[in-house]
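There are 2 protein chains.
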Amino acid sequence: MGKIAHDQHVPAIAGNADITLAATVSRHGEGIADVPHFKDIDELIASGVAIDAVALCTPPQVRRAIAARAIAQGWHVFLEKPPGATLAEVAQLRAAADAAGISLFASWHSRYAPGVEPARAFLADATITKVTVTWREDIRVWHPGQAWILEAGGFGVFDPGINALSIVTRILPRPFFIEEAELDFPANCDAPIAARIRFSDDAGLPIDADFDFRQEGPQSWDIAVETDRGTLTLHDGGARLVLPDGSEAEHKAALHGEYAGLYERFAEIVRAGQSDVDIAPLRHVADAFLRGRRLTVEAFVE
Amino acid sequence: MGKIAHDQHVPAIAGNADITLAATVSRHGEGIADVPHFKDIDELIASGVAIDAVALCTPPQVRRAIAARAIAQGWHVFLEKPPGATLAEVAQLRAAADAAGISLFASWHSRYAPGVEPARAFLADATITKVTVTWREDIRVWHPGQAWILEAGGFGVFDPGINALSIVTRILPRPFFIEEAELDFPANCDAPIAARIRFSDDAGLPIDADFDFRQEGPQSWDIAVETDRGTLTLHDGGARLVLPDGSEAEHKAALHGEYAGLYERFAEIVRAGQSDVDIAPLRHVADAFLRGRRLTVEAFVE
Numbered sequence: 000m001g002k003i004a005h006d007q008h009v010p011a012i013a014g015n016a017d018i019t020l021a022a023t024v025s026r027h028g029e030g031i032a033d034v035p036h037f038k039d040i041d042e043l044i045a046s047g048v049a050i051d052a053v054a055l056c057t058p059p060q061v062r063r064a065i066a067a068r069a070i071a072q073g074w075h076v077f078l079e080k081p082p083g084a085t086l087a088e089v090a091q092l093r094a095a096a097d098a099a100g101i102s103l104f105a106s107w108h109s110r111y112a113p114g115v116e117p118a119r120a121f122l123a124d125a126t127i128t129k130v131t132v133t134w135r136e137d138i139r140v141w142h143p144g145q146a147w148i149l150e151a152g153g154f155g156v157f158d159p160g161i162n163a164l165s166i167v168t169r170i171l172p173r174p175f176f177i178e179e180a181e182l183d184f185p186a187n188c189d190a191p192i193a194a195r196i197r198f199s200d201d202a203g204l205p206i207d208a209d210f211d212f213r214q215e216g217p218q219s220w221d222i223a224v225e226t227d228r229g230t231l232t233l234h235d236g237g238a239r240l241v242l243p244d245g246s247e248a249e250h251k252a253a254l255h256g257e258y259a260g261l262y263e264r265f266a267e268i269v270r271a272g273q274s275d276v277d278i279a280p281l282r283h284v285a286d287a288f289l290r291g292r293r294l295t296v297e298a299f300v301e
Numbered sequence: 000m001g002k003i004a005h006d007q008h009v010p011a012i013a014g015n016a017d018i019t020l021a022a023t024v025s026r027h028g029e030g031i032a033d034v035p036h037f038k039d040i041d042e043l044i045a046s047g048v049a050i051d052a053v054a055l056c057t058p059p060q061v062r063r064a065i066a067a068r069a070i071a072q073g074w075h076v077f078l079e080k081p082p083g084a085t086l087a088e089v090a091q092l093r094a095a096a097d098a099a100g101i102s103l104f105a106s107w108h109s110r111y112a113p114g115v116e117p118a119r120a121f122l123a124d125a126t127i128t129k130v131t132v133t134w135r136e137d138i139r140v141w142h143p144g145q146a147w148i149l150e151a152g153g154f155g156v157f158d159p160g161i162n163a164l165s166i167v168t169r170i171l172p173r174p175f176f177i178e179e180a181e182l183d184f185p186a187n188c189d190a191p192i193a194a195r196i197r198f199s200d201d202a203g204l205p206i207d208a209d210f211d212f213r214q215e216g217p218q219s220w221d222i223a224v225e226t227d228r229g230t231l232t233l234h235d236g237g238a239r240l241v242l243p244d245g246s247e248a249e250h251k252a253a254l255h256g257e258y259a260g261l262y263e264r265f266a267e268i269v270r271a272g273q274s275d276v277d278i279a280p281l282r283h284v285a286d287a288f289l290r291g292r293r294l295t296v297e298a299f300v301e
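Chains A and B are the protein sequences, given in the same order. First residue of the first sequence: 0, per numbering that gives the first Met the number 0; consecutive thereafter. First residue of the second sequence: 0, per numbering that gives the first Met the number 0; consecutive thereafter.
Any given hint could turn out to be false.
Unchecked claim - Across the chosen pairs, the derived CB separations fall in these ranges: (1) B:T131 with A:T19: 41 to 51 Å; (2) B:A202 with A:A125: 21 to 31 Å; (3) A:A49 with B:R173: 26 to 36 Å; (4) B:T128 with A:T19: 37 to 47 Å; (5) B:I31 with A:G229: 45 to 55 Å; (6) A:P243 with B:R292: 39 to 49 Å; (7) A:D277 with B:A16: 43 to 53 Å; (8) B:S25 with A:P143: 50 to 60 Å.
Rather than coming from a laboratory, the hints here were simulated on the basis of the structure. Even glycine gets a Cβ: it sits at the ideal position worked out from N, Cα and C.
Here chain A stands alone, though its shape is the one from the complex (with noise of 0.2 Å):
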């Protein structure tokens, strides 16, 4: 019951007829008014509260061990992005997921930006020649007292930038791999503040990719795709889509916000008794520590 969850679950359940919030979890977060609260997931499991879902928001480094106890209670379950501190574990539940005949939501939010399905459409008929995303905010605005962010295991800048991640992944019809990176980690600090990647694909396309979280003034929270129709621009995280002939994009999602959309898609996976984990964002934060460049920078202090 941190920060995520009181500004976009709650509010999410409750405008979802298909889910009712149980009980809430949390070993130093704040419960809801008139909903049962616990300190953990023994004492959730402990107190016989029906439950047939979990949406697990804590922060990666500790999240595999009461996603596998709640896969062991049969409950399906829905977690934060990233999915897991590391892609072994994620693989596991995953296989522990299929096992029990649970449905195992592996969710990455900007995907319902309102955005981004138009933009895939687009692409999809366009010959594509470069993909410069910008992903710049300002660590202190954003993710105040959320220090496990540059701890170990918390990702550092691709916190947020894996949610640009998530988009490119979806929006553009070919996969693609890291080809060079640079890592920028602060001197006191076990994750990266900045991070450039130069991504690729088998046709030789150039996708560059900016991280900063150092960012202050105007924030960027953009993706531009390059293509022979034009230039396409999706700003705001994927909220708003520029087309080439200068045509805002509408769409429906925009009604009701990234958090409607996913656990829509929780309820739809869980009727249809299949999971959904894409590891393809997860995967490419892991390859760019693995090949990229360390760089050690200025020390951060909140």
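Fit chain B to the known structure of chain A by using the hints.
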């Protein structure tokens, strides 16, 4: 045609009746007497020499592009370990191989060490309580002139360490994941020279790995597995297996070596029209970079 090609691949191919060395390719390395030699894969393609399959023994940073080119020719591809510099590129090579109907082999030579299969067979029936991996070697002795190892994408101490991981992922009956890792980066290098990793699995099994490239004097390539039936130890990179009763297992693989086993397996999957691409060892390495704490240590000068 670097060190591993001359030391291992050429003799193993010479000893395999199913495979004939039709050509060698190397920008800088030397060829073999009486075998056509080319500077790069484009020269090989242009030469018209009849080729069914290629073994790619370059450093990982440059291997993807060559592999993609070979797959496009319809050639079966044997990849030295690690199979790529990133997980995304390996996934994509696999997809390309499947689409082209050719066999892709992500080789893990240490899995063909003679102690490995008997250890796996023993552990299948045991209750395992602790695993300790000690992989400490002298980079100056074993990797002279291989500067790429400590460059970005060269994996550093995981270049040998991934051999240990390829064995552990083969002999343990259950998958595991990283809980904690510490990586030591020399002040002048982009890849770690040492790493300490704590893995675990769903049952809480402790798996500790100690990788170090700075080991002078006696070298260690050892894996100890404690079980309810006593402790099993693999020594010398899997070449020697000591069972709890003190006996050493006998096995035919010892007769011809790891690379002979690899080429037998490659011929087998080509005949069967299959691929063999297990990414688990590479995924653990990427996870270690992603999840680990970074320590800066003394600069390394060869």
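Results for each hint:
Distance hint for T131 of chain B and T19 of chain A: a CB-CB separation of about 48 Å, consistent with the stated range 41 to 51 Å. With their beta carbons about 50 Å apart, A202 of chain B and A125 of chain A fall outside the hinted range of 21 to 31 Å. Distance hint for A49 of chain A and R173 of chain B: a CB-CB separation of about 32 Å, consistent with the stated range 26 to 36 Å. T128 of chain B and T19 of chain A have their C-beta atoms about 44 Å apart, which keeps the hinted 37 to 47 Å range intact.
In this structure the supplied range 45 to 55 Å holds for I31 of chain B paired with G229 of chain A, their Cβ-Cβ distance being about 54 Å. Between P243 of chain A and R292 of chain B the C-beta distance comes to about 46 Å, which sits within the given range of 39 to 49 Å. Remark: the range hint 43 to 53 Å for D277 of chain A to A16 of chain B is upheld by a beta-carbon distance near 44 Å. A hinted range of 50 to 60 Å for the beta carbons of S25 of chain B and P143 of chain A is consistent with their spacing of about 55 Å.
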